[in-house]
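**Student:** Here the protein sequences come in this chain order: A and B.
In terms of our numbering, the first sequence has 36 at position 36, counting the first letter as 1, and numbering is strictly consecutive.
In terms of our numbering, the second sequence has 1042 at position 42, counting the first letter as 1, and numbering is strictly consecutive.
Take the hints with a grain of salt, since some may be wrong.
[To be verified] Some but not every residue of chain B turned toward chain A, in silico, with C-beta under 7 Å:
#	residue
1	1042
2	1044
3	1052
4	1104
[What the hints assert, rightly or not] Using 25 Å as the maximum straight-line C-alpha spacing, the simulated DSS-like pairs for lysine-lysine come out as follows:
#	chain 1	residue 1	chain 2	residue 2
5	B	1103	B	1056
6	A	41	B	1103
7	A	41	B	1077
Read the hints as simulated data drawn from the structure, not as lab findings.
Cβ coordinates follow ideal geometry from the N, Cα and C atoms, glycine included.
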Amino acid sequence: GAVVSQHPSRVICKSGTSVKIECRSLDFQATTMFWYRQFPKQSLMLMATSNEGSKATYEQGVEKDKFLINHASLTLSTLTVTSAHPEDSSFYICSAPRGGNTEAFFGQGTRLTVV
Amino acid sequence: GDSVTQMEGPVTLSEEAFLTINCTYTATGYPSLFWYVQYPGEGLQLLLKATKADDKGSNKGFEATYRKETTSFHLEKGSVQVSDSAVYFCALYSGYSTLTFGKGTMLLVSP
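Please build the complete structure, drawing on both the sequences and the hints.
**Tutor:** Next up, the structure:
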């Protein structure tokens, strides 16, 4: 069964609104989680590293004020897309490593459509 | 820095054909190597992995051998099925931050 759960799987929102995506590790604690964005027919692009109890680390070119990350507990990280615009429409995937990152578990992904 | 290069797709095969998807890498040290599979509209699932040179990862009929001398981790399957149609990602982890992914290779299997 899934060891990382991501919710929601699909969301449609109006331009200018905010959307929150949750990523939970189900049977292990994850002090670190990763958020990726995937454009159609392309690979995963790492957006940020979520660290429990501290600020997230963002990759170059990713707007931290637009993509708010909160890692409030050892099993939950959230990504909030603020003031969403159509160009934010994408597939967002979270990942939590286990076992010293020799294996990463992925959430099911969230398809965000901004209209 | 670390990088992964995969053959471009789509790879189109008939059912029961032999599959090879090439993957080569550049990394510092001795990385762990992975193949992930992504079915349409879903997240990634680990297909197989190898953590040291000459290891062979295998799962669901798929195999890949960690070749340090050629820095490769090619994915193979002897007889593909329609249900194998998906996007396959080669990835490595060398101990820094997170996985480094290839661009993915789409596999299309027809009956």
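**Student:** Next, verify each hint and record whether it holds.
**Tutor:** Hints, one by one, checked against the model:
no.	hint	in the structure
1	1042	holds (6 Å)
2	1044	holds (4 Å)
3	1052	violated (11 Å)
4	1104	holds (5 Å)
5	1103/B to 1056/B	holds (22 Å)
6	41/A to 1103/B	holds (9 Å)
7	41/A to 1077/B	holds (23 Å)
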